[in-house]
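Trainee: Each chain, letter by letter, is given below.
There are 2 protein chains.
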Amino acid sequence: MRIKCTVSYDGSRFNGYQIQPNSRTVQGELEKALAKMHKRKKVQVVASGRTDAGVHAVGQVIHFDTNLNLPPSKWPMALNALLPDDISVKNAMLVNEDFHARFSAQKKEYRYRLYQSSCRDVFRRNYAYHFPYRLKVQEMKEALHYLIGTHDFTSFCSAKTESENKIRTIYEADIWEEDDEMIFRFVGSGFLYNMVRILVGTLLEVGEGKRKPGELEQILEAKDRRFAGKTVPGNGLYLWKVYYGDEN
Amino acid sequence: MRIKCTVSYDGSRFNGYQIQPNSRTVQGELEKALAKMHKRKKVQVVASGRTDAGVHAVGQVIHFDTNLNLPPSKWPMALNALLPDDISVKNAMLVNEDFHARFSAQKKEYRYRLYQSSCRDVFRRNYAYHFPYRLKVQEMKEALHYLIGTHDFTSFCSAKTESENKIRTIYEADIWEEDDEMIFRFVGSGFLYNMVRILVGTLLEVGEGKRKPGELEQILEAKDRRFAGKTVPGNGLYLWKVYYGDEN
Chain A
1 MRIKCTVSYD
11 GSRFNGYQIQ
21 PNSRTVQGEL
31 EKALAKMHKR
41 KKVQVVASGR
51 TDAGVHAVGQ
61 VIHFDTNLNL
71 PPSKWPMALN
81 ALLPDDISVK
91 NAMLVNEDFH
101 ARFSAQKKEY
111 RYRLYQSSCR
121 DVFRRNYAYH
131 FPYRLKVQEM
141 KEALHYLIGT
151 HDFTSFCSAK
161 TESENKIRTI
171 YEADIWEEDD
181 EMIFRFVGSG
191 FLYNMVRILV
201 GTLLEVGEGK
211 RKPGELEQIL
221 EAKDRRFAGK
231 TVPGNGLYLW
241 KVYYGDEN
Chain B
1 MRIKCTVSYD
11 GSRFNGYQIQ
21 PNSRTVQGEL
31 EKALAKMHKR
41 KKVQVVASGR
51 TDAGVHAVGQ
61 VIHFDTNLNL
71 PPSKWPMALN
81 ALLPDDISVK
91 NAMLVNEDFH
101 ARFSAQKKEY
111 RYRLYQSSCR
121 DVFRRNYAYH
131 FPYRLKVQEM
141 KEALHYLIGT
151 HDFTSFCSAK
161 TESENKIRTI
171 YEADIWEEDD
181 EMIFRFVGSG
191 FLYNMVRILV
201 GTLLEVGEGK
211 RKPGELEQIL
221 EAKDRRFAGK
231 TVPGNGLYLW
241 KVYYGDEN
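As you go down the protein sequences, you meet chains A and B in turn.
The first sequence: position 207 = 207 (this note's numbering), numbered continuously.
The second sequence: position 95 = 95 (this note's numbering), numbered continuously.
If you're looking for bench data, these hints aren't it; they were derived computationally from the structure.
Be aware that one or more of the hints could be misleading.
Note that identical chains are pooled: a pair holds if it fits in a single copy or bridges any two copies.
Said to hold, decoys possible - Cross-link-like lysine-lysine pairs, in silico, DSS-like; alpha carbons within 30 Å at most:
| # | residue 1 | residue 2 |
| --- | --- | --- |
| 1 | LYS230 | LYS160 |
| 2 | LYS230 | LYS90 |
| 3 | LYS136 | LYS74 |
| 4 | LYS32 | LYS223 |
| 5 | LYS166 | LYS42 |
| 6 | LYS90 | LYS107 |
| 7 | LYS141 | LYS223 |
| 8 | LYS41 | LYS212 |
| 9 | LYS136 | LYS90 |
| 10 | LYS36 | LYS230 |
| 11 | LYS160 | LYS223 |
| 12 | LYS42 | LYS223 |
| 13 | LYS39 | LYS166 |
| 14 | LYS212 | LYS32 |
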C-alpha cells in the first residue's frame, strides 16, 4: 500500500531535508520513525523535493510503501508519536501505486517571509529574514510581471544545480505586506536549486532602487547567475504547498 | 552611570533568566557581553525579576552600572553585537542611581499564549501551549473577576515560593481570542513563583467545565496550592512589560 502524507517541519534544527550520514535531517527522522513501526525494516520515504538547511515546510508531501494494516486516518497520530517535535505529519491518505511524491507533482508553492522592524526580533530570527531597509513595493510588484510565464531560469539558480533543463514556468507571483512583514509567494511548475532565494534577493535590489523592474527581463536573457542578485538566507523560506491536480 | 535597558529574549534555549554555573542563562549571556565591553571586569546585571526555563520576554527590564563613556542610544547596538541571537536589547536609557530594575518596578504585565488547532504546529511548539480542547470563554472571563483586586495568592503559587508575603494586586486581567489562539493577559503589582502559569491552568479547568467560575473565590480563600489547577508549561508565557510609573 502506498501512503501519501503532508508534512510540516521547522527547518531550524535540521541540516536540510535529504538524508545524510551523521547529520540531523527531515528524511532521516521520518525513516527512523517508520522503521520503528515496521520491525526495524527500512522504509524509504520519497518527498516532492529537497529543502535546504534552515528552510521550513508547511506542506511538504511524501510517500512511502507499507504492508502495515493501519487505516490512513491513523497514520498522522502514529507517526507524530514517534517523530521529534519539529516535524509533524498533518494528514495521510491511501494513493495508487502510480502516485509519486516527486514525479506526480504538478505545481509547487513557496513563500518567503521578510520582516522590516528596525530592531531584530528574537522570536522571528529563525522564521523570517530581517531586512530593515525601506523598499519600493510598487516597483517590486512591477518586476514580478517579467517572471511570470515560461522562462529559462539559469540566471536564477545556483551553479550547483543538477538539472540540465533550466526551463520552468511561474504561474503566480505575488508580494504583499502584513504588519511589518513582506511576504513573497511563487507558484511554479518547479523550482531550481536556490531559485526562490535568488528571485527574492534580486527583487530586494529592485525594491532598494538599485535596479529597475525592467532589468528582470535582461537578467533572464543573460542566462548567467552573475547577473541576478544575492541569495537571501534560507530561514525565511517555506515550502508552502505541493499541487498534484487532485485538489478539492 | 546607571543604564536601564529593555531586553527581549526567546526563552527556548535558556535555562531560565538567573545565572547559574554550567548552564546557559539570560543573565549569564548579558554579563558575558558586558564583561567584554569592560575589559573583562564583571558588571552585575539586575533584572525586574527572574523568568523560568522556556519562558520568554518581550519587555524584561534590567539595569547595570558602568563607567564607559557611551551615549545611551549606542548601548543597544553595542550589546546586540556581542549577544547571541536569542537575546536582543531593544532600548537603553540613562537613569538615576536610585533606579532599581527590581525594586522600582510598580507593575508587571505577563501574557500567556495558547493555541487550539487540532494538529500540533511545529512553528509554535516553543512559543505557545498546544491545547486542542474546546473552551467556554465566557465562563473563563467570568472567573477573571474573582482574581482582580488585592488577594492572598498562596493557592496560586508553587510551594517553592520564597516570598513570605503572598499578597499581590491584580489590576487587569483579560482573555481574548486571535485566530486559533487564546491570549491571557495579567497586569499586577507582582507575581509569585509560577503564579501566572497556575492561574492559567486553573482558568483552563473553568473553560473545560470542570470548575465553576465562582470556585476561584474559594480557591483564593483556601490559601492552599492543592486547591488550584495544574501549572501550564512555561513555553506559552511572556514577560510582556514592566511598569515604573514613568511611561509616556
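Trainee: State for each hint whether it applies.
Mentor: Each hint tested on the structure:
1. LYS230 with LYS160: Answer is within; shortest intra-copy Cα gap is 15 Å, inter-copy 53 Å.
2. LYS230 with LYS90: So LYS230 and LYS90 pass the 30 Å test across copies only (29 Å; inside, 34 Å).
3. LYS136 with LYS74: Intra 48 Å, inter 29 Å, cutoff 30 Å: inter-copy only.
4. LYS32 with LYS223: neither (41 Å within a copy, 49 Å between copies)
5. LYS166 with LYS42: neither (34 Å within a copy, 57 Å between copies)
6. LYS90 with LYS107: The answer is within: 20 Å in one copy meets 30 Å, while 42 Å across copies does not.
7. LYS141 with LYS223: within (22 Å within a copy, 61 Å between copies)
8. LYS41 with LYS212: neither (56 Å within a copy, 52 Å between copies)
9. LYS136 with LYS90: between (37 Å within a copy, 26 Å between copies)
10. LYS36 with LYS230: neither (42 Å within a copy, 33 Å between copies)
11. LYS160 with LYS223: Classified as within; 15 Å inside a copy, 66 Å across copies.
12. LYS42 with LYS223: Classified as neither; 42 Å inside a copy, 56 Å across copies.
13. LYS39 with LYS166: The answer is neither: 42 Å in one copy and 55 Å across copies each exceed 30 Å.
14. LYS212 with LYS32: neither (49 Å within a copy, 46 Å between copies)
Figure legend: structure checked against the earlier numbered hints; hints not met, in rising order: 4, 5, 8, 10, 12, 13 and 14.
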